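Residue numbers (this note's numbering), protein chains in the order written: chain A, 1 to 112; chain B, 113 to 225.
By construction, these hints were calculated from the structure, which means they are not laboratory data. Incorrect hints may have been included.
What the hints assert, rightly or not - Straight line, CA to CA, 25 Å or less: simulated DMTMM-like cross-link-like pairs of lysine to aspartate or glutamate:
no. : chain 1 : residue 1 : chain 2 : residue 2
1   : B       : K153      : A       : D39
2   : A       : K104      : B       : D150
3   : A       : K57       : B       : D150
4   : B       : K156      : A       : E5
Being a predicted model, the structure only gives us computed values, none of them experimental.
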Amino acid sequence: SQKIEQNSEALNIQEGKTATLTCNYTNYSPAYLQWYRQDPGRGPVFLLLIRENEKEKRKERLKVTFDTTLKQSLFHITASQPADSATYLCALWASGYSTLTFGKGTMLLVSP
Amino acid sequence: DTAVSQTPKYLVTQMGNDKSIKCEQNLGHDTMYWYKQDSKKFLKIMFSYNNKELIINETVPNRFSPKSPDKAHLNLHINSLELGDSAVYFCASSQARGTDTQYFGPGTRLTVL
């Protein structure tokens with residue numbers, strides 16, 4: 001069966017460090033993968049999209065990698081700040097499917 | 113200006129009641145969605161409409177009925193509410209299906225007592 005797995009435990013890091021979040025998938029052939037940020041009591045907000053033929057995408061302090069061999073995407077936040085604390089969701093659009101499928105998300109806590 | 117808005121933000125009701133949640137987007141998008149986020153924070157697609165036409169209807173009880181009066185609105189009507197319907201419901205929109213970014217509303221927290 002198809003699965004999207006993100007770190008189930010919250011990730012605690014210190015301000016200034018790089019946060020790395022993982023998204024693994026099985027039994028999908030995603031055409032692309034998106035990352036969203038969700039704050040408590042709010043809807044998800046789009047951050048980055050990476051396509052199957054792209055290895056890496058950057059936007060300011062954010063970087064996403066996509067390895068279709070490992071079936072994994074990594075999401076990095078460099079020089080993390082307490083304001084980066086939120087839940088981060090990965091979502092993939094797979095060939096043959098008509099919906100964007102979300103992982104359960106990883107909560108990131110950045111302490112000062 | 114709010115891009116995707118939902119009303120109400122909170123909805124508390126008794127089992128067996130019928131309720132509606134409204135969604136409007138002012139982005140000029142063609143596609144709108146309803147998602148359900150349960151207590152475990154899992155975000156699951158329920159319905160998708162493209163140009164007022166239903167294109168996705170995931171395995172959802174037929175007590176849930178979406179209605180799209182026009183491209184900018186997608187409402188969700190729920191009949192005979194059950195305890196298990198308690199969740200946060202998100203409306204979203206995108207320019208087109210597939211590769212497009214989805215823009216989410218603020219969510220409606222439904223509590224069924």
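Here is how each hint holds up against the structure:
{"no.": "1", "hint": "K153/B with D39/A", "result": "holds (12 Å)"}
{"no.": "2", "hint": "K104/A with D150/B", "result": "holds (10 Å)"}
{"no.": "3", "hint": "K57/A with D150/B", "result": "violated (31 Å)"}
{"no.": "4", "hint": "K156/B with E5/A", "result": "holds (14 Å)"}
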